[in-house]
Amino acid sequence: KLRKSEVKETAEELGLTVFQPDRIKNKENIEILKKYAPDVIVVVAYGQILSRELLDIPKYGCINVHASLLPKLRGAAPLNWSIINGEPKTGVTTMQMDVGLDTGDMLLKSEVEIDEQMNFGQLHDILMHVGAELLAETLDKIEKGEIVPEKQDDSLSNYAPMFNKDNQRINWSKSAKDIHNLVRGLSPWPTAYFVMDGMSVKVYESSYLDETTEHEPGYVLKVERDGIYVATGAGIAVIKEIQIPGKNRMKVEAYLRGNTFPEHIVLPIIK
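Using the working numbering, the letters of the sequence shown correspond one by one to residues 7 to 277.
If you are wondering where the hints come from, they were derived from the structure by calculation, not from laboratory data. Just so it is clear, the structure is predicted and the values come from calculations on it, not from any experiment. Some hints here could point you the wrong way.
[What the hints assert, rightly or not] Restricting the straight-line Cα-Cα distance to at most 16 Å, the calculated cross-link-like pairs of lysine to aspartate or glutamate (EDC-like) are:
{"#": "1", "residue 1": "K257", "residue 2": "E211"}
{"#": "2", "residue 1": "K10", "residue 2": "D28"}
{"#": "3", "residue 1": "K78", "residue 2": "D28"}
{"#": "4", "residue 1": "K257", "residue 2": "D216"}
{"#": "5", "residue 1": "K78", "residue 2": "D160"}
{"#": "6", "residue 1": "K228", "residue 2": "E217"}
{"#": "7", "residue 1": "K31", "residue 2": "E59"}
{"#": "8", "residue 1": "K65", "residue 2": "D146"}
{"#": "9", "residue 1": "K95", "residue 2": "E117"}
{"#": "10", "residue 1": "K246", "residue 2": "E259"}
{"#": "11", "residue 1": "K115", "residue 2": "E152"}
{"#": "12", "residue 1": "K180", "residue 2": "D216"}
{"#": "13", "residue 1": "K183", "residue 2": "E152"}
[Stated by the list, open to error] Computed beta-carbon distance windows for the label pairs:
{"#": "14", "residue 1": "A138", "residue 2": "I250", "range": "35 to 41 Å"}
{"#": "15", "residue 1": "L162", "residue 2": "R9", "range": "35 to 41 Å"}
{"#": "16", "residue 1": "P274", "residue 2": "A51", "range": "32 to 38 Å"}
{"#": "17", "residue 1": "G92", "residue 2": "A51", "range": "21 to 27 Å"}
{"#": "18", "residue 1": "D216", "residue 2": "A51", "range": "25 to 31 Å"}
{"#": "19", "residue 1": "N170", "residue 2": "R263", "range": "29 to 35 Å"}
We put the beta carbon where it would ideally sit given N, CA and C, even for glycine.
Could you put together the complete structure from these sequences and hints?
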């Protein structure tokens, strides 16, 4: 279902023409774009692939704002995976689009450090502003002829795929740090989870301890006001904010005021 984006709302407020096709590859829609004879087309988080015919319409081509330091993390979810992979930094790249998946020539980049406690939502809000500023700078320099496009080194590339129930699930056999990175990389959306008594428990916040334990991965060591302590493949994961099915998202401390969470059980691990 189509809905108004903030870009559309702003354009309408400014009295600008808005063209919002449901299928951009449609021949009729391409002809409409040709009539506008745009100098440039800017693409940000657009869910459709642009054809070669469409890419060739603008004088300066189609410019994409991608939320990674290309060629790293091409694909649909670069912000999430930069955190999940434990990257110390990420950023935004503007690039000249081609028919490949985020394979076009790079134009400008802007780097941002990733704090070890930063989650996906926080990083998104930071890069939203960084990306807007970088796009404005890119368009200005394109017009002035001050940008020399740089080809990507495909040998340095990796991908940031979409999420599903398998790669969102916490694997207690992994290290506590990796689990912490998964939790913050998927918070507040689409959210990491673990399974307990056949139900999926969402996790929004965590921390970890570099401490050894003799217990097997998934063993609930203790439940305290500051979190649920779980043994992992290396270290101890501390689960701080959860959502039980049918209940609101809440800190463990708040959850324990009216509920209990079992200690000394083994949470299922991914086989």
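Right, here's what the structure says about each hint:
1. K257 - E211: It holds: about 8 Å lies between the C-alpha atoms, which stays within 16 Å.
2. K10 - D28: Cα-Cα ~13 Å, so holds.
3. K78 - D28: violated, 30 Å
4. K257 - D216: Given that 16 Å is the threshold and the Cα spacing comes to 22 Å, the pair is violated.
5. K78 - D160: holds, 9 Å
6. K228 - E217: Holds, at about 14 Å.
7. K31 - E59: Holds, because 9 Å separates the two Cα atoms, which is no more than 16 Å.
8. K65 - D146: holds, 14 Å
9. K95 - E117: holds, 7 Å
10. K246 - E259: holds, 8 Å
11. K115 - E152: Since the Cα atoms of K115 and E152 sit roughly 14 Å apart, the hinted pair holds (cutoff 16 Å).
12. K180 - D216: holds, 13 Å
13. K183 - E152: violated, 43 Å
14. A138 - I250: 35 to 41 Å: Holds, at about 38 Å.
15. L162 - R9: 35 to 41 Å: With Cβ atoms ~37 Å apart, the hint holds.
16. P274 - A51: 32 to 38 Å: Holds - the Cβ-Cβ distance for P274 and A51, about 35 Å, lies within 32 to 38 Å.
17. G92 - A51: 21 to 27 Å: holds, 24 Å
18. D216 - A51: 25 to 31 Å: Taking Cβ atoms as reference, D216 and A51 lie about 37 Å apart, which means the hint is violated.
19. N170 - R263: 29 to 35 Å: holds, 34 Å
Checked against the numbered hints given earlier, this structure breaks hints 3, 4, 13, 18; the rest are met.
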